[in-house]
Amino acid sequence: MHGIGKRFRSGLTALEAIDLDIGKGEFLSLIGPSGCGKTTLLRIIAGLAEPSQGERRLLMAADTGGHISSGRVGFVFQDPTLMPWSTVIDNVLLPFRLAGRVGSAERERVRSEIRAVGLAGFERAYPRELSGGMRMRVSIARALVTDPDLLLLDEPFAALDEITRMALNDDLLRLWESRRTTVVFVTHSVFESVYLSTRIAIMATRPGRIAADLPIELPQPRERAQRTSPAYATICATVSEELARAMAERSN
Amino acid sequence: MSAGRVSRWWHIFAPLAVGTAFLVLWEIVVRINGIPPYILPGPSAIAESLWTDGPSLFGSLLVTLRVTLAALAAAAILGGMIAVLFSLSRILELSLFPYAVILQVTPIVAIAPLIIIWVREPFLALLVCAWIVAFFPIVANTTVGLNSADRNLLALFRLYDASPVQVLRYLKLPTALPFFLTGLRISGGLALIGAVVAEFVAGTGGAETGLAFRILEAGYRLAIPRLFAALFLLSLTGIVIYLVLDGLSRVLLRPWHESALEEEEE
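Chains R and P are the protein sequences, given in the same order.
According to the numbering used here, the first sequence is numbered sequentially starting from 2.
According to the numbering used here, the second sequence is numbered sequentially starting from 440.
Take these hints with a grain of salt, some might be off.
One side only, chain R facing chain P, incomplete, derived with CB under 7 Å [as the list claims (entries may be wrong)]:
1) 49
2) 78
3) 127
Label pairs and their in silico Cβ distance ranges [as the list claims (entries may be wrong)]:
4) R/109 with P/593: 36 to 42 Å
5) P/600 with R/226: 42 to 48 Å
6) R/159 with P/686: 36 to 42 Å
7) P/600 with R/189: 40 to 46 Å
8) P/528 with R/159: 35 to 41 Å
9) P/686 with R/226: 55 to 61 Å
10) P/587 with R/148: 29 to 35 Å
11) R/224 with P/587: 42 to 48 Å
12) R/159 with P/593: 37 to 43 Å
13) P/600 with R/159: 25 to 31 Å
FYI, nobody ran anything at the bench for these hints, they're computed from the structure.
Glycine residues also receive a C-beta, built at the ideal position from the N, C-alpha and C atoms.
Using the sequences plus the hints, can you model the full thing?
This is the structure in structure tokens:
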């Protein structure tokens with residue numbers, strides 16, 4: 002993505018001159034204060050919003066003339082965004098149903114994805130019968146079921162309690178490690194972003210822009226024990242500092 | 440929740456106790472004051488009339504019920520279809536919705552005579568009157584429902600290149616179902632009112648006599664116990680229609696909608 006800008010009709014400049022190259026297989030976190038345009042940027046990457054200026058180019062989509070074919074991008078919203086009238090299995094099946102492919106192969110794929118997010122046995126449950134964390138797992142399964150090249154997550158764990166959040170962090174890491182899908186993860190939490198990412202882009206506000214871009218060099222695979230390691234603490238401190246600087250710039 | 444367990448019993452007992460007390464008091468007041476039955480019959484006189492005139496009143500009830508149910512079915516089908524058209528075309532909604540409102544706010548008593556003049560076939564005339572009253576809640580509710588699809592789900596459908604038909608079928612229609620059913624429950628009662636009003640205006644017109652006309656007739660002849668008996672049947676019909684539609688709504692929404700949650704869930 003080069004020189005991405007977004008101006009709302011209200012005249013508010015949400016994003017200005019964003020340059021961001023996302024490498025294949027990267028786990029990139031976008032972190033920044035509220036209102037810095039993280040979500041807008043993510044929606045532009047997904048193709049759900051159009052930039053007012055600049056271009057978005059996905060190399061993986063180059064052969065289809067820049068149009069991202071459906072199923073190449075998975076999106077997880079801040080809310081689980083499930084269809085309350087459908088069972089877990091039908092919710093996860095949705096991308097296939099919309100593509101007009103509902104065969105036994107797809108059904109098997111859906112089942113294995115539900116197992117992969119740890120919800121085996123809940124296939125026939127309705128969303129209201131599940132806890133917040135389980136609903137989010139369904140949402141992740143739905144995003145991953147098409148085996149996307151790019152997985153976008155918009156503060157998916159913000160509404161969850163700490164324990165559920167840690168468990169989902171670990172599960173997301175395992176899923177990423179086994180598939181190496183390119184991930185862009187929007188979050189408010191420094192600790193979460195450092196633990197998960199291979200790279201963190203820190204955003205500043207008014208106008209929204211990328212203030213710092215840090216690679217996270219913690220050993221792979223990440224283990225929960227690392228959350229108490231000195232290296233982890235140092236990186237968290239660095240990210241927090243950069244974040245504080247990005248926020249201070251605004252008031253000048 | 441303990442309040443829930445108590446309430447299940449009270450749901451039946453409390454209204455039953457109030458009803459019984461009311462009937463007993465009514466009977467006592469009528470007997471003590473010696474009120475003649477052509478002014479206010481006691482519950483026992485009404486029950487007696489219900490017993491003797493029951494079969495003929497029941498035949499009239501079926502006539503009224505046929506109009507009511509046909510109007511309700513027409514309102515559900517046409518109302519639902521109009522709402523879907525509105526959701527597909529904003530321009531259509533903007534241009535036609537005000538007229539649906541006008542049709543709704545114009546008192547049916549005022550237009551019923553016209554409809555009865557214009558539509559020669561009596562059953563059809565009554566049907567049109569009842570339909571006009573019944574269709575608006577369904578159109579209005581379903582339109583709101585079709586427009587309340589979750590924005591993120593809409594975005595998700597867009598991400599997967601869903602066609603407008605897919606959005607309608609897999610997202611908008613299921614979202615609108617509870618709204619449609621709410622409209623249907625309101626319309627059930629209104630269709631009955633519409634049918635009764637139309638019968639009042641139409642009289643017999645040579646057709647089979649509905650329950651509303653029997654009420655008028657009983658009034659003219661000062662057969663007040665029979666009037667009350669017919670009134671009782673009419674109310675009972677309204678209650679049954681409501682309960683049936685409420686049950687339908689529960690069955691359809693049971694697996695997922697908050698309104699159909701069983702009490703033991705909490």
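Comparing the hints with the structure gives:
1. At its closest, the beta carbon of residue 49 of chain R sits 5 Å from a beta carbon of chain P; the interface hint therefore holds under the 7 Å criterion.
2. About 5 Å separates the beta-carbon of residue 78 of chain R from the nearest beta-carbon of chain P, less than 7 Å, and the hint is met.
3. Hint status for residue 127 of chain R relative to chain P: holds, with the closest Cβ pair at about 5 Å, below 7 Å.
4. Between residue 109 of chain R and residue 593 of chain P the CB atoms are about 29 Å apart, so this pair departs from the stated range of 36 to 42 Å.
5. Taking the beta carbon of each, residue 600 of chain P and residue 226 of chain R are about 43 Å apart, inside 42 to 48 Å as hinted.
6. Between residue 159 of chain R and residue 686 of chain P the Cβ separation comes to about 40 Å, which falls inside the hinted range of 36 to 42 Å.
7. Against the hinted window of 40 to 46 Å, the Cβ-Cβ separation of residue 600 of chain P and residue 189 of chain R comes to about 31 Å, which falls outside the hint.
8. Take residue 528 of chain P and residue 159 of chain R: their Cβ atoms lie about 38 Å apart, and the range 35 to 41 Å holds.
9. Separation of residue 686 of chain P from residue 226 of chain R is about 57 Å and conforms to the stated range, judged on CB atoms against 55 to 61 Å.
10. As the Cβ distance of residue 587 of chain P to residue 148 of chain R is approximately 32 Å, the hint placing it in 29 to 35 Å holds.
11. A hinted range of 42 to 48 Å for the beta carbons of residue 224 of chain R and residue 587 of chain P is consistent with their spacing of about 45 Å.
12. In this structure, residue 159 of chain R and residue 593 of chain P break the distance hint of 37 to 43 Å, their C-beta atoms being roughly 21 Å apart.
13. Range check, residue 600 of chain P to residue 159 of chain R: about 28 Å between beta-carbon atoms, so the 25 to 31 Å window is met.
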